[in-house]
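For the protein sequence lines, the chains are F, P and V, in the order given.
Start counting the first sequence at 1; every next residue gets the next number (the numbering used here).
Start counting the second sequence at 1; every next residue gets the next number (the numbering used here).
Start counting the third sequence at 1; every next residue gets the next number (the numbering used here).
Treat the hints as calculated values from the structure; they're not laboratory data.
The structure displayed is predicted, hence computed values, not measured ones.
The hints are all genuine.
Where chain F lies over chain P, by a calculated footprint (3+ residues, C-beta under 8 Å):
1. 187-193
2. 604-616
Once the Cα atoms are required to be at most 30 Å apart in a straight line, the calculated BS3-like pairs of lysine-lysine come out as:
3. F:438 / P:115
4. P:82 / F:471
5. P:209 / F:471
6. P:115 / P:451
7. P:115 / P:371
8. P:82 / F:51
9. F:438 / F:152
10. P:371 / P:498
11. P:115 / P:498
12. P:371 / P:451
13. P:451 / P:498
14. P:82 / P:209
Virtual Cβ for every residue (Gly too), placed ideally from N, Cα, C.
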Amino acid sequence: MALSFLLWAPLFFALVGALLGRRMAPKVALFGSAVTLGMAIYYIADFDTGKAGLQHVTDTVWIAALGIHYKLGVDGLNLFLLTLTTLLWCVATLYAYFRQWDRPQLFFFFMGLAESAVLGAFLSQDLALFVAFFDLMLVPFYFLIGTWGGRKRVQATTKLVIYTLVGSLLMLAAAIATGVESVGNSGQISFALSDLVRVGLPVGTQEWIFLLFAAAFLVKMPAFPVHGWLPDGYRAMPIPVVAVFSAVLSKVAAYGFIRIVLPLFPQAAVHFQELLLLIALASILYGSIMAFTQTDLRLIVGFSSIAQLGFITLGIFALNPQGTQGALLQMVNHGLVTAALFFIIAVLAARVGGSEDVRDMGGLAFRAPVLAALFLIVALATLAMPGSSNFMGEFYILLGVFESKLVIACVAFTGVVLASVYMLRAYIGAMHNRVGAKAQSRELSLRDGVVVAPLVLVIVAIAVYPQLLLKRQQASAQAAVAQTALLTHQLALPRATAQTAPVLPQGGQTP
Amino acid sequence: MSPTTWAWICLALPLAGCLFNAFVGRHLPGERTAGWIGTLAIGLSFVAAVGAFIALMGHSPDDRTFTSTAWDYADSVGVNAKLTILIDPLSVYMMLVVSGVSALIHLYSCVYVWKDRGFVRYFAYLNFFVFSMLLLVMAGNFVPLIIGWAFVGAASYMLISFWFRRTTATRAGIKAFVINVIGDVGLVLGTYFIVFRGSGSLDFLDTFKHVQAAFPPNDGDLVAGCILLLVGAFAKSAQVPLHTWLPDAMEGPTPVSALIHAATMVTAGVYLIARMHPLFEDATAAADVGTVVGCATLVIAATIALSQTDIKRVIAYSTMSQIGYMIMAVSASAYAAGMFHLFTHAFFKALLFMAAGSIIGAMGGEQSLDKMGGFRRALPFTFACFLAGGLALSAFPLFSGYFSKDDILALIGGEGGWHWILYVLGYLGAFVTALYTFRMIFRAFLGPECKEARELRETGHIAHHEHPFNPETYEEEDTDVGFPGPGHYIAEQQWPMKVAMSTLAIGAIFGGLIQVPFVDDLVNVYLRPDFVNDPTYEKVINDPSNGLLIFGLILSAVIAIGGIGLAYVIWVRRPSIAVAFRERFRPLYELSFHKWWFDELNDAVFVRPGATVGRWASNVFERVVIDGLVNGTVSVVRAGSSVVRGAQDGFLRVYAALLLLGLALVALWFLLQST
Amino acid sequence: MTVAWYLVVSALIFCVGAAGVLVRRSPLVILLCLELMLNAGNLALIAFSRMTGTGDGQIFAIIVMVVAACEVVVGLGIIVALYRRRLPIDVDQLRRLQG
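Okay, chain F solo, but in the shape it has when bound (with noise of 0.2 Å):
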């Protein structure tokens, strides 16, 4: 099966919908988006779990004056990515399926859009078609924002637009330069990702490419100093559209990372390293302190994710495999968590006459047990308690940090109990103490159980499985940090185990 099918199926049905009608539009949008995770799925059966390299390559000369391929492929880094992808966007668009839209049709055929470009981004091995689809994603959002946002959505849009529009535009400029600056040496322009790797920039080059693409990648996560638009941005989106936004949209970016800037720009990853890590920190402990500040749940959530973001970032930029394996575990969790918790304010605000803030609620648990106990085994998960398929996550990015720089991987451990403050702080102030004026506890109705369920049901399973991820993400992760792990002298084999079982990691490109 070609990785195009996967690729267009969600705008395609989009576009069906959008042309069948208001009546359909809906209908055509969930079929479609279920024969897209049904796609996803098939791909991870379909897995060679121990090969490192690109997987159902599709690979066409798109431009071939410019060196700019269609080149797709899937590998240890993007498989769950596309199915974390896939499923939330299923999961979005029943939650939207229930739900009355002013112009169904547009907003379904912006969903469907949105779901392609995110995927295209996942999927493409070329650079010029990652920062395609990368600058398309921004697209369907500005309208699903615009149109069918809350209050203050047009100043909403605008700081999006402006904050990620100025991280493309570097991005862009990084782009094109990665492509002219290799061409010196090879002699033919290409911009697929395989070509690039092999040529290898001088260091001075890297490292101003290598800012340019921290900047961009950076703002999309967002990480501290450049988080401005989420406060604003998270509140005016509708829910399905903010799950999804918070959910996977980040992703894209630290995904970036792994698969553009580590194997591009090894060097400079190594060269920046120390301010990358700090940059993370900050974020941890910002995004933390912010988060047991606001009342406001969305704001509570969307700052817990610029600390989340942050223990991601610094498992990236771990510069180790356990690094890369804790961040690629971790974005897929962080993902779940973060979609479900958007889904759980949405019920909450319909039961205390549609506020967010969490000092209107107050004693939902009262006569909802259910949503009682699947908000605490999201709460839980979001503050990584162990057991949680989040604490492997974590485990594994701290003590990537830990072998790398130790000083900032006990300080990035307040963030985890930070994180056990606020979300905490969250569910009581919810579900817990005296039943709030307005509010009014029932349980869970029917139609946002099959939105809620399905996603603690997956939270569960990999919390009691994360082997499931890790095995098959092993090799690429490897094969990603291979080269800065060199650079930086970690063997990622610790002492003992050095000594007595010299097992090399599998798939690893020991150059």
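Fit chains P and V to the supplied structure of chain F, relying on the hints for placement.
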């Protein structure tokens, strides 16, 4: 069947009970069916633990270590996290204590929360707790240990906040959870130091095997790792300064206090140190930290217990104090003694809490000692049980605590050097223990009868308050979900409570007989395979005719009787002494009453600065710097655009003219170029 | 006859058309003048086509005609719509269409 099979059954039953109650418990017929199912699950789990014990004893002492792996949990890039259980004498010992005491407490709970609207939820949580605790003690790999460790914390949180509409309960819950997370962090970071700086394998047996090769003795990494493990142990076992959650945790239902905050969960730290003993043997500096902190806790907690008025809090502080003894013991390599005290303590402390629950039932939910009095005749059975537990706690001769506590202190004294200070403080603590225990007993059971006691004795009815209230703040409450139910029960009227308490009372009185100096040393012998490579352990076992032991037995007896006597004088014969003492030594009394100001310290150092920074970040930094960044950009763009906007005036002809002009200029440029 | 004379004619027609677009205010006349400009272009294209002896220029011219036809349709449609709404038929007064 092999011991591991029994162990898996033992572990699976509580989980099955939890899931069953969680999913179908609400739809079961009968009022208390969920409770009976929960109790049955734990009872069968105890049977399985006994099965594991028998299977284990069927093997020769050199061959009593078994492992079994369920599945690879996270096995990649040098991390080998597998769901492995390690079954050896130590873990089976803990399994027996945990499942045995838990089964009795489940039985007791079937009555105690009978009328509570959260009855089913309660048993689901309780079963989950037992599952977590069993996972913790069976774990044969660091990751399942950490998982069990955190699950125990989460279960404790859920049970402390069980009455979730009480703000005091939710506040206590979050406090317990956060402090437990600090412990988890310590444990994880400690694991990093020990495993990834040294042994290279998360598996316990591998780690123990490699630890000496990987680290020189008292290596910095090893000591750091062990101290971090101790942080985990201190948080879970409520040792200074991470203890403040335990007294607050008394917000949970009384059986929960009995189960989690006395008999099982808080002993996890003791178990951890005993389990990790090959590491601590090599990191004596870290072990010394544990010894000192244990001793400090036992003294501090005992002094606080002297002045508290809430009966459950007094018992909670006594728990802290007794755990202090255990931590001190296992840190000073007196493993068998520490585990022995853990065993006897589980009996008498659970018993004391159950008896306290019975009194609280008789008081209609009131917990203050100030309002109690004279229950001796109204609650004869409870009185007998409380007395048995109290005597065991005070180490009264021939009761269980007598032998176990003496074991610990004799071994500490035997270490010599600065350990003599600990030895003296340990006996001082024992004296204070006897004092506060009997202060509690005399105030609750002797003296003039309070009106609840009189009513109960005369009419046989339990006192009823007009409105249910929070015993902490006296806020009014209702009895719906999230608040305690309307029912109050006493052991005298309910057979399950009676059965549970009598069983524990027998343990509290006779439990010590399994290891009586010069008579038998069953615990020592049983645990020996675990500590076979440990030189100090052999010394301990081979030297029971220690002079200190005899001296200690006499000293203990004198101290216990002395303490009880003094308590009798102060609180029964001459109550004015207590008041006079309080006035005379005001600062000491304040120190004790305000719990050494640990909460205030905590508040001033962590909570308030954190909140201030947070407020500043959200009100100032976010608004000025972050928003300023984007708003600044916006205004620059806007200013720039207003300059060009003038050209867009809507005159079509101007547009066309500009277009033509542009075209002409381009053409002109090309013309000039070509010439 | 060289191609130059054709180009001169073409340029003259183009200038007439451009001047018309710039000075007139009626959209109908502006549209006519636009057509004039397009046809001036066509004339040049065909002249070059003759000169080089290939058909390329003619094909271009035909495409331009098609585009011109489309444009006229849209333009006239707008003008008719303006009449219907009784709006002033004066491009200067229709400035607010700038949005």
